[in-house]
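Novice: Here is what each chain is made of, one letter per residue.
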Amino acid sequence: MGYVLDGQSFDGLLSQLSKEYLIYAPVRISGKGAYSDTDLVAYGQISSLDEIEYNEKSRFSPKELIYPITQTLFYFTEDEYKEPAVSQKSIIIFCRPCDVHAFRRLDEIFLKNGDFRDSYYEAIRRKTVFFILECAGSFENCFCVSMGTNRVEGYAALLRPGEGQVTCDVDEHFAPLFARYGKPAGMTPRFIEENSISVILPEEIDKNIFDHQMWQEYSSRCTACGRCTVSCPTCSCFTMQDIFYEDNPRCGERRRVWASCMVDGFTELAGGHGFRKDNGSRMRFKVMHKIYDFRKRFGYDMCVGCGRCDDVCPEYISFSGCVNKVSSLAGEVKKDD
Amino acid sequence: MDINTKKIIKNAYRVTKKRGVTALRIRVPGGRLDVGCLDVIKNIAETFGDGTVHITTRQGFEVPGIPMAKIPQVNEAVAPLLAGMESAIGVEIADLNHGYPAAGTRNVSACIGNSVCTFASYNTTDLARKIERLIYPNDFHVKIAVTGCPNDCIKAHMQDIGVIGMVLPVYDATRCIGCEACVKNCLKVSSGALNMSNYKVKRDHQRCLGCGECVLKCPTSAWTRGEKYYRLVIMGRTGKRNPRLARTFARWISEEAVLKITANMYGFIEKHIDRSLPKEHVGYIVDRAGLPVFREEALQGVGLGPLGRVEDYIPFGGYENR
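Quick note, the sequences are listed as chains A and B, same order. The numbering used here numbers the first residue of the first sequence as 1 and each following residue consecutively. The numbering used here numbers the first residue of the second sequence as 1 and each following residue consecutively.
Calculated from the structure, these hints are not laboratory results. Don't take every hint at face value.
Stated by the list, open to error - DEER-style ranges, computed between Cβ atoms:
(1) A/G265 <-> B/P292: 47 to 53 Å
(2) A/F74 <-> B/S191: 36 to 42 Å
(3) B/S276 <-> A/D39: 54 to 60 Å
(4) A/C251 <-> B/P315: 46 to 52 Å
(5) A/E163 <-> B/G305: 40 to 46 Å
(6) A/T77 <-> B/G305: 37 to 43 Å
(7) A/T188 <-> B/V170: 41 to 47 Å
(8) A/K277 <-> B/A88: 52 to 58 Å
(9) A/K277 <-> B/V293: 44 to 50 Å
What the hints assert, rightly or not - Listed below are the simulated SDA-like cross-link pairs for lysine to any residue, each with C-alpha atoms no more than 20 Å apart in a straight line:
(10) A/K32 <-> B/E227
(11) B/K200 <-> A/G265
(12) B/K200 <-> A/E253
For each residue, glycine too, the CB sits at the ideal point set by N, CA and C.
The task is simple: from the sequences and hints, build the whole structure.
Specialist: Laid out in structure tokens, this is it:
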């Protein structure tokens, strides 16, 4: 059902929703960019339409809202432990179609990967509703069309921000509320049908490509900073940390914290052995996981084509460029075999 | 030929090897200019000079080969530069048709700053222009430069006052993935102010230079930029008598404090300069009067804020054979 809301009505709607929901959207945080006098576009809580940064892609994905960077799993004292409280409120996340597809991948990892369901992830995930921000145009480095993540169906709400108003397509659950704040309007969702970048995904990859010299270039270019993986909406690796409080080491907490296959230490074993010491190997592992290995296990590709990895790489390494290189080599390598 | 050399020197000309021929120094506050000014400079060099310009170490231009007799016409030709690079930024110059009103206080130079550079913590062009507005025109022999970060690309350490940009890094431990990129980098390229503790980062403020490297290295924006601050290095100099690098006088101070201390330094010179000499460079005045006197006068009315720190004693070093 379609509705149109002016800015004030939309803020009223948000105010009403905030009684039941924590509401997050991409926001512009002034002066918090890494470079001096630049802004950071990242997820934050909002209470008005104006706060939503609609015209720029967020540097970080919304995954941190459901799967926090640092998450305390439990606190422990000498003979007891206790899980931290979880907010009673549900969550609304304003995000792009590709981001919703990314959560499907995270669901796969945390909830459907074998018999085990990750209760910490599930506790927040099941209370989460997505309000889709319709993309007015493809951003730089996006290749959602190639990854089939440009369209989304079955959403709670899809919003098209315009001059001082928002046009929305809303499901049955939210329709009465939107009807109260807005006027009925025709709304046919528009999805991105073309990106300036497209990738060709390799069907089959011969293992010989693992040793191909193409990865050497990345060994010299990549600095293993990890930006690509922390900005990726689908990366889900974490590590565990047991903290003993400085003032009283008899108490502490167990945390899980994001990890990155690009960063030093990820494959480090006792004695200093590591499986992927050179950065080209890390790049290979990451790329293969996103466009091949995940597919072998779950039947579809992990990468959603948001292009954030390319946006944030300080060395201007292109993930999509690398995928296309792999695809063009996939045939050749096999022929040589 | 009757030329008052004292007068033309204050007008930014100099006595050259060739009798009757002078050279003009053109100021470029902050080292940044509209390219339209280059056309004016080119025209002066072609019309009055020898068709060349020399780029000075202070980021100005020197136009050689000008006949001293042409000074009045050159001064008229300079008017658009005074208007465009001095009046336009708020420097008060009464008559634009008489050339530069003073040359003792040198051009305020600046690194390219945060409009371009990833390391710079502030807009150096803007600050250089604010300082120019504060101190020019002035006959006292003073050299000031501003640089965006402790890399000090402008060589603030060779100035009477060198302003070095700092940023207070702000840490959000919940965003930290413990990759240690900041810790390793700080030890390698900066001051080793960061350490890991319980998988998170601890910053030693006493060691921190405010270079912002941790912010630049952080993949998750756990480190972000807080308030802008400045470090003031003072009384660096070249010259044959006793050259030395500037040393830190104040750190973690505000832009307002930088400007106030700079203004106060001129009051100090006014009060203590040896007027029996043709000129006395500020560093030698401080040597004579002593740092405690300079410190007290420079800090008059200066708000240091909660983080501001000023040195009580500075071991300047320099030549020891005097």
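Novice: Indicate, hint by hint, whether the structure satisfies it.
Specialist: Right, here's what the structure says about each hint:
no. : hint                          : verdict
1   : A/G265 <-> B/P292: 47 to 53 Å : holds, 51 Å
2   : A/F74 <-> B/S191: 36 to 42 Å  : holds, 37 Å
3   : B/S276 <-> A/D39: 54 to 60 Å  : holds, 56 Å
4   : A/C251 <-> B/P315: 46 to 52 Å : holds, 47 Å
5   : A/E163 <-> B/G305: 40 to 46 Å : holds, 44 Å
6   : A/T77 <-> B/G305: 37 to 43 Å  : holds, 41 Å
7   : A/T188 <-> B/V170: 41 to 47 Å : holds, 45 Å
8   : A/K277 <-> B/A88: 52 to 58 Å  : holds, 56 Å
9   : A/K277 <-> B/V293: 44 to 50 Å : violated, 59 Å
10  : A/K32 <-> B/E227              : holds, 11 Å
11  : B/K200 <-> A/G265             : holds, 15 Å
12  : B/K200 <-> A/E253             : holds, 14 Å
In terms of the numbered hints stated before, the structure departs from hint 9 and from no other.
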